[in-house]
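Please work from the sequences and hints to get the whole structure.
Next come the chains, spelled out residue by residue.
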Amino acid sequence: MKKIYLLLTAALLVLALFPPVQAEDLSQIRAILEKIDAQSRFEGTDFSAVLTLIIEDPEEGIEKMVVRQFRRDDGERYLLLIQEPVTQRGQGYLLEGDNLWFYDPSSRQFAHTSLKETFQDSDVRNADFSSTSWSSSYEVEGYYEGTLGSFDVHIIELKAVDDTVPFPYATLWVTKDTNLVLKVEEYSLTRRLMRSALFPKYAKVGEAVIPVQMVFLDELVEGKKTQVSLSEISVAKIPDHVFTKAYIERVNR
Amino acid sequence: MRILLTIAWRNVRQQKVKTTIIGLIMAIGIMVLVVGNSFMDTAASGIERYYIKNYTGHLMITGQTKGNLTLFGFQDLTAMERPVPRIPDYGEIVEFAQSLPYVAAINPQVSATAVISRGDNTLGATQLFGIIPGQYQAMFPDNVEILEGRFWEPGQQGVLLNKAVAELLESQLGFTLRPGDKLLFTSVSTHTGMRIREVEITGLFRFKQSNVQLDMVSLMDVSNVRDLAGMVVGSADPAQLTSEERQFLGELDVESIFQSADSLFTEVIVEAPEAEDDFWLSLLEQAEGPEASLQEDAGAWQYLLVRLTDEKYLRQAERDFADFFAAKGIAAQTRNWRQGAGALAELSYGIKSVFNTIVFIIAVVAVIIIMNTLVISVTERMSEIGTMRAIGAQKSFVRRMIVLETMLLSGISGTLGVAAGGLVLLVLNKIGLKASNVFFEIIYGGPELRPELSWSAVVLSFVVIVAVGAVSSAYPTALVMRTSPLKAMESSR
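Protein sequences, first through last, are from chains A and B.
0 is the number of the first residue of the first sequence in numbering that gives the first Met the number 0; add one for each residue after it.
0 is the number of the first residue of the second sequence in numbering that gives the first Met the number 0; add one for each residue after it.
Errors might be hidden in some of the hints.
Cross-link-like lysine to aspartate or glutamate pairs, in silico, EDC-like; alpha carbons within 20 Å at most [what the hints assert, rightly or not]: (1) A/200 to B/270; (2) A/200 to B/244; (3) A/175 to B/254; (4) A/200 to B/243; (5) A/63 to B/244; (6) B/65 to A/56; (7) A/200 to B/254; (8) A/244 to B/284; (9) A/236 to B/277; (10) A/63 to B/250.
In case anyone wonders, no lab produced these hints; they're calculated from the structure.
Following this line, the structure appears as structure tokens:
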């Protein structure tokens, strides 16, 4: 009998310390996700930047890539042009809505690829170059509060609503005061940790707030990671012809 | 000894029913052993001949690397993560190989896996062997049957599409592929990312001796395969990094990255608009154009296949090449045909081991049955043995008599079993066993198996039958020896 009382008391304590997620909380969390998505989008302006990727592989060593990105969130378009290394120079990725094309200058041919695929040999997925869609692509599974370094954060557990995203499960660490994602852990269907992403630096660009420094860690290969830094940022209007196959072919001539 | 032999032979003849039953069991057991082992030996040598003759050669020279490297690339968990190494100092290795008197032919190869598409449609995938047609045909003269078209001309590009791959593509396309049609080949290389090549079909072919793995292989000019495999000049340039770019290298402490709340936000310079046309068209302009740096690494090969004049030189060749690499400090190594052939050859050997185990279990069961029958047979003759002991027969005499009796029986049934096994194999050899599905094709090492009597199987069977005889007679003999002659004589009452 004593044991039962002890168990009941322990259960009550656990419930008091970690209250279950209420419907009211969930709507608040959904609102946070919507804010995150909204502030990552460039509404009414275009966005361009030079991305420097430092790919570290314990076996292959360190590789540097320089990629020019042009992005127009209205219409879900982007163009990625690889400038370095020379062996990949001119290769391009053109996103037009749901269609992602890869261009190879050596054969002057386009081929279909997917947003879920990794970008070249890095730990970045092609989807990472678009604005985020946490609120529409995922549903909230769990929520609790915690700290990350010196930040008070919401820790939000998410489950994908369809298979259009690279990972079916994700956990976000979001600052309470500014709604900035500091860390993301992404999981496979079997809940195996596949990738972690850290966002140590943000900048306000136009009306949007975007990470300008990111680190993606491959959780399957110890020591493998990719650092992405943004420079030469611009929100100036990009000519429409840039988001076309013809432009990639032309710029490669 | 002669008396013993006479008594033993008389006993064997006198107990006709028992002799027939035990003899039959032994003969069947031996027949199963002979047929089973011969079958497996033929299949194993068939697999060996099949792979060596048709696409691996006796030896495969590659760059030095760990892991399960086959002609199809790495066949382990790291397959997508690392490129197949190039053979260093290729020219020197070729020169050395050609100087060896027992080297009959050599053939260099490059391998890549590519997705095939046409227009917007992804149609399937193929394994590509980048080859020089003349050298490939000289190395494997009997295996490529061109069904339509031809190989590409020297210095030109093209793909000789495997008919099995073509049929897969045609089922998606809805029309028949012909020489002159073009296909898009896309590969994902770990070092150079995605690569696309548009290549014209110069012909359609089939491997005369094929299997599920070879059915996926098409032959392509080496220049295109090198490109698809990411073998281009300058791909190994080391990265020159600034201190900022080195910031997150090495081990990371996530908590410490987020220690300072002030450092989360940073100011960035938002660039002015770029209105000039020049800007948009000069994004890729550098001192060195991409064409120069994307040159194919001509002379780079991943595999050098070596066919020997005779298999007996295999060990010597392995030693000679190892000594040569060590003396010259070349980071290359040899792999035998089985390593080169890949998963399917390994699977064949795995299945062979399973079958050997089954044959072994059958042999153990046969031993138990024979031993049991012999025990009954000897105990039934207890009174006779007791009488022999009572009239002065020594223990050793009785023991030798029983052992000789068993050996005689084993010898006769063994010979009959081998003869019956040989007959069965002769019939199977004449008929030929057709592989009805992929599973049997893997076991047979090809579409048909004609098993031959293996002398090692015959020797093994005789060893087994002698061992069975010795073990089977040991227990009943010991049983008889423990019983006193008086008791033994009484047991008949």
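Results for each hint:
1. A/200 to B/270: Judged against 20 Å, a Cα distance of about 19 Å means the pair holds.
2. A/200 to B/244: At roughly 14 Å apart (the allowed maximum being 20 Å), residue 244 of chain B and residue 200 of chain A satisfy the hint.
3. A/175 to B/254: Given pair residue 175 of chain A, residue 254 of chain B holds - Cα atoms ~17 Å apart, limit 20 Å.
4. A/200 to B/243: OK: residue 200 of chain A and residue 243 of chain B at ~13 Å, within 20 Å.
5. A/63 to B/244: Roughly 9 Å between the alpha carbons, so the hint for residue 63 of chain A and residue 244 of chain B holds.
6. B/65 to A/56: 17 Å, holds
7. A/200 to B/254: Since the Cα atoms of residue 200 of chain A and residue 254 of chain B sit roughly 14 Å apart, the hinted pair holds (cutoff 20 Å).
8. A/244 to B/284: Distance of about 19 Å is within 20 Å: holds.
9. A/236 to B/277: 16 Å, holds
10. A/63 to B/250: Distance ~18 Å between residue 63 of chain A and residue 250 of chain B Cα, so the pair holds.
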